[in-house]
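> Chains P and F, in that order, give the protein sequences. Residue numbers for the first sequence follow my numbering, beginning at 1 and rising by one. Residue numbers for the second sequence follow my numbering, beginning at 1 and rising by one.
Certain hints may be false.
As the list claims (entries may be wrong) - Listed next, the stretches of chain F that the computed footprint assigns to chain P, with coverage defined by at least 3 CB atoms under 8 angstroms from CB atoms of chain P:
1. 38-51
2. 60-68
3. 111-122
4. 272-280
5. 285-294
To be clear, the hints were calculated from the coordinates, so they are not data collected in a lab. Note that CB positions come from ideal geometry on N, CA and C, so glycine has one too.
If you want the building blocks of each chain, they are given just below.
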Amino acid sequence: MSEEALIRAFAASVIELDAPAAVKADVREFFARHGVPPEVVAGLPEAAAERLAIYRTMVHSRLRAAVAEFLPKTAARLGRPRLRQQIERFVAEAAPKAPYFWRLTGEFLNWAGPRWTEDATLPDYLLDLARHEWSDAEVGNDPAGGEAASGKPLALDQPVQFDGTVRLHRYAWAVHRATETEAPEAEATALLLYRDRKDHQVKVLELTPRAAAVTTRLLAREPLQAALMEACAELGTPLDDEFLAAMAGYFADLAERGALLGAA
Amino acid sequence: MSFRAGIAARAAVPTGVGLGLRSTFLAEVDRGAADGRVPFWEISPDNYVARGGSRPVRLARVAERFPILSHGLSLSLGGLDPLDGEFLQGLRGFLDASLPAPWHSDHLCFSAHDGKMLHDLLPLPWTTASAKRVAARVREVSERLGRPMLVENISYYLPLGSTPLDEAAFVVEVLERADCGLLLDVNNVFVNATNHGFDALEWLAKIPLDRVVQLHIAGHEFWDDERQDLIIDTHGAPVRSEVDALLAWVVERTGALPVLLERDENIPPLAELLAERDRVDSVYQAALARHAAAQGGAA
Ligand SMILES: [Fe+2]
């Protein structure tokens, strides 16, 4: 049916990588190729090519602006032309799927991840930096969080209960210390993020290797004792009083912050 | 039940000039900065569904003090993809739990294609076949959301019909086939009339005003490049006097209804927006007075 073909052609002009060239070369041929009947093609206005180009620009600019807003440092390092090209490829190859506009940057990063990792023309740290920048919105808007506490004290044979927004992100770069102009340094980094239950702000804690190793296991719902033992085994450090005291201090801090709620 | 009865049965309908509740000033409004200054807020539930954090908490507090109208962007009412069942379910859950909004509205456009969400309002062909398909989807959405639907006329830059007034005929056909209400955006009518060279009042005269349930009014900007002959509906500038005149024309004929002053880009400080609201309200109140006088004269 001609109206469905018109919609398909219109969408293609926004989505396909080679659409701008094809539309510019012969817009009537472009519509015809998408199945729009000749009599409908003949009725299209003179300015059809220019107007399709405007729509494409509007759609892509909106997506690009959203990504640049959530990833300002990453966008600055990519530069405008490169970001524009990345958005064009994203729209053509994957595109946003969710009806929620704010999630678009996460969808973009899911697409970019494997591509940026292999792209030698991009800085090695770029994906880590982008993921760190996005984590603020990801955690800040997480539908989870604010769950009722179990009310049970920590117990060695039990897993623990975290606030639903708590997550641990590991990076090969000190992304949390990058600035608009300074690149992050190469340094294994573990960051614990959560959303404050009172002020709803996202908080970021830099973890020691020990705290990170324990937290990884606790987030995987391992019982407390097993998490402590396996973390020490992994790091080759003794499970001694010094370690236990450090972990007790870490748990007390998390509990005070409302990130750790007790035994699960 | 007719769409009017459906609306009346749900929640009190606010009237007057309201504003869009934007995240840039949500915290201020939550703290009471607009109390007594705005008859209602309009929100886009697409920005709240399946989202945690401060937004839903603040919205819940604002909704205790103000009527809220619900206006979406993502249903792709004219799209060829099947309706997004998961999204509709989430939307209904949010509306049922959070808002006694009398209806939900979205645009006469498509926004998604082939599973790709383009996050924009893309135009539809103005044919009967198209109107039938869209109307069936509007009915289905209304059913699945369990509330009346309004559809909004959009700004378009590439007409997909042979005459400009085909759009009005298309809008009317959708309204009647779907038995739904119209969220009439007078700014979009003005933008389209200017860009495509037709008379805005001639367009409005084709619309059955008893279907008009809510109005949108906004400012717009010139496209910032060589194509200066086109104005773009950015909702990023104060309202122009020509658009005020269209608002007045409608309100003189319909009487009181909710009018939403849209501002989506270059959002000014809340105080400035409230002042712009007051200015539009004076246009609205004057039109309302003329409506009342005409009613009195007729009685
Ligand atoms: Fe509008």
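> Run every hint past the structure and note whether it holds.
Comparing the hints with the structure gives:
1. 38-51: Satisfied; 5 residues make the cut.
2. 60-68: Coverage by chain P is violated here, the residue count being 0 at a Cβ distance below 8 angstroms.
3. 111-122: With 10 residues in contact (Cβ-Cβ under 8 angstroms with chain P), the coverage given for the segment 111-122 of chain F holds.
4. 272-280: violated (count 0)
5. 285-294: Violated - the segment 285-294 of chain F has 0 residues with a Cβ nearer than 8 angstroms to chain P, which falls short of three.
Figure legend: structure checked against the earlier numbered hints; hints not met, in rising order: 2, 4 and 5.
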